[in-house]
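J.: Residue-level listing of the chains:
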Amino acid sequence: DTEVTQTPKHLVMGMTNKKSLKCEQHMGHRAMYWYKQKAKKPPELMFVYSYEKLSINESVPSRFSPECPNSSLLNLHLHALQPEDSALYLCASSLRGGPGELFFGEGSRLTVL
Amino acid sequence: GENVEQHPSTLSVQEGDSAVIKCTYSDSASNYFPWYKQELGKRPQLIIDIRSNVGEKKDQRIAVTLNKTAKHFSLHITETQPEDSAVYFCAASIQGGGADGLTFGKGTHLIIQP
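Going down the list, the sequences are from chains W and Z. Counting in this note's numbering, the first sequence runs from 39 upward without gaps. Counting in this note's numbering, the second sequence runs from -18 upward without gaps.
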């Protein structure tokens, strides 16, 4: 299995909702990432879990909350989002933290109304 | 932190011609430089990468060159084909060990004209 699987593929939510994005990989990778990508822009790093230790991009607002239940699973909890948070959220994994190939999932397209 | 500049933002070439995309980076400690291709509506996928102990790497029609002194690296695509049309992102590792992700350039929209 060489896939990173993300669910849901599409999500529409209101500003008062609480929702979660899920990501799973079974490649034995020990680092997992959340990236945010706006249209016609590059991916921007939000969070990294490496060997289940969290690193945060300090510019990410607290309405985004990551969770790593184990080395194969990564969640992104969403609460009180704003319309400007609408974007494609990409999960990725790599064999280990540090320089190396990122394997991206297909992404979850989020729309905040 | 690392800053990656990428040029041009749009590149249009005739099918069969070569395409060159250039990137510069700011952090001299960066040591890993991948290139990702993203087709419309799809995920980014790695097409080639280079590490700082190597000056050039080639894979069929794709090559990457790295100049560590000048802190720039380039992607070269020869004999371009319609399926090469996509957005290409360069990236550099954020040196610091452990769990750092990549810093991406702003992307180049490559258009292959038939």
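Honestly, the hints are just simulated from the structure, not real lab data. Some hints here could point you the wrong way.
To be verified - Once the Cα atoms are required to be at most 25 Å apart in a straight line, the calculated DMTMM-like pairs of lysine to aspartate or glutamate come out as:
1. W/Lys76 with Z/Asp65
2. Z/Lys23 with Z/Asp40
3. Z/Lys87 with W/Glu105
4. W/Lys78 with Z/Glu37
5. Z/Lys87 with W/Glu90
6. W/Lys79 with Z/Glu20
To be verified - Here are a few chain W residues that sit away from chain Z, every Cβ distance over 10 Å (derived from the structure):
7. Met53
8. Val98
9. Ala125
10. Gly143
11. Thr149
As the list claims (entries may be wrong) - Simulated DEER-style distance windows between Cβ atoms:
12. W/Lys56 with Z/Lys38: 43 to 49 Å
13. W/Glu105 with Z/Gly36: 20 to 26 Å
14. Z/Lys52 with W/Glu139: 39 to 45 Å
15. Z/Gly36 with W/Glu90: 35 to 41 Å
16. Z/Gln(-5) with W/Lys76: 29 to 35 Å
17. W/Ser97 with Z/Ala10: 20 to 26 Å
18. W/Lys56 with Z/Asn34: 46 to 52 Å
19. W/Val50 with Z/Lys49: 44 to 50 Å
20. Z/Val35 with W/His117: 41 to 47 Å
Fair warning: this is a prediction, and the values are worked out from it, not measured in the lab. We treat Cβ as the ideally placed atom computed from N, Cα and C, and that holds for glycine.
J.: Evaluate each hint against the coordinates.
T.: Hint check:
For the hint pairing lysine 76 of chain W with aspartate 65 of chain Z, the CA-to-CA distance comes to about 22 Å; that is within 25 Å, so the pair holds. Proposed proximity of lysine 23 of chain Z and aspartate 40 of chain Z is supported: the alpha carbons are some 22 Å apart, at most 25 Å. Proximity of lysine 87 of chain Z to glutamate 105 of chain W is assessed by CA-CA distance (about 28 Å); at most 25 Å being required, the pair is judged violated. Proposed proximity of lysine 78 of chain W and glutamate 37 of chain Z is contradicted: the alpha carbons are some 29 Å apart, above 25 Å.
Distance check on the hinted pair: lysine 87 of chain Z and glutamate 90 of chain W sit about 29 Å apart at the alpha-carbon level, beyond 25 Å; violated. Distance hint between lysine 79 of chain W and glutamate 20 of chain Z is fulfilled; the C-alpha atoms sit about 13 Å from each other, no more than 25 Å. With a minimum CB-CB distance of about 26 Å to chain Z, methionine 53 of chain W clears the 10 Å threshold, and the non-interface call stands. Here valine 98 of chain W stays apart from chain Z, with its beta-carbon at least about 12 Å from theirs, past the 10 Å limit.
Residue-level check passed: alanine 125 of chain W sits 14 Å from the nearest beta carbon of chain Z, beyond 10 Å. The claim that glycine 143 of chain W is not at the interface with chain Z is violated, since a C-beta of that chain comes within 10 Å of its own (minimum 6 Å). Consistency note on threonine 149 of chain W: stated as away from chain Z, and its beta-carbon is indeed over 10 Å from all of that chain's, at 15 Å minimum. For lysine 56 of chain W and lysine 38 of chain Z, the hinted distance range of 43 to 49 Å is satisfied, since their beta carbons lie about 46 Å from each other.
With their beta carbons about 42 Å apart, glutamate 105 of chain W and glycine 36 of chain Z fall outside the hinted range of 20 to 26 Å. For lysine 52 of chain Z and glutamate 139 of chain W, the Cβ-Cβ distance of about 22 Å falls outside the hinted range of 39 to 45 Å, so the restraint is violated. Checked against the hint of 35 to 41 Å, the C-beta distance between glycine 36 of chain Z and glutamate 90 of chain W comes to roughly 37 Å, which is consistent with it. Under the hint 29 to 35 Å, the C-beta atoms of glutamine -5 of chain Z and lysine 76 of chain W, about 31 Å apart, fit the expected range.
Distance hint for serine 97 of chain W and alanine 10 of chain Z: a CB-CB separation of about 21 Å, consistent with the stated range 20 to 26 Å. In this structure the hint that lysine 56 of chain W and asparagine 34 of chain Z lie 46 to 52 Å apart at CB holds, the actual value being about 47 Å. In this structure, valine 50 of chain W and lysine 49 of chain Z meet the distance hint of 44 to 50 Å, their C-beta atoms being roughly 46 Å apart. Taking the beta carbon of each, valine 35 of chain Z and histidine 117 of chain W are about 45 Å apart, inside 41 to 47 Å as hinted.
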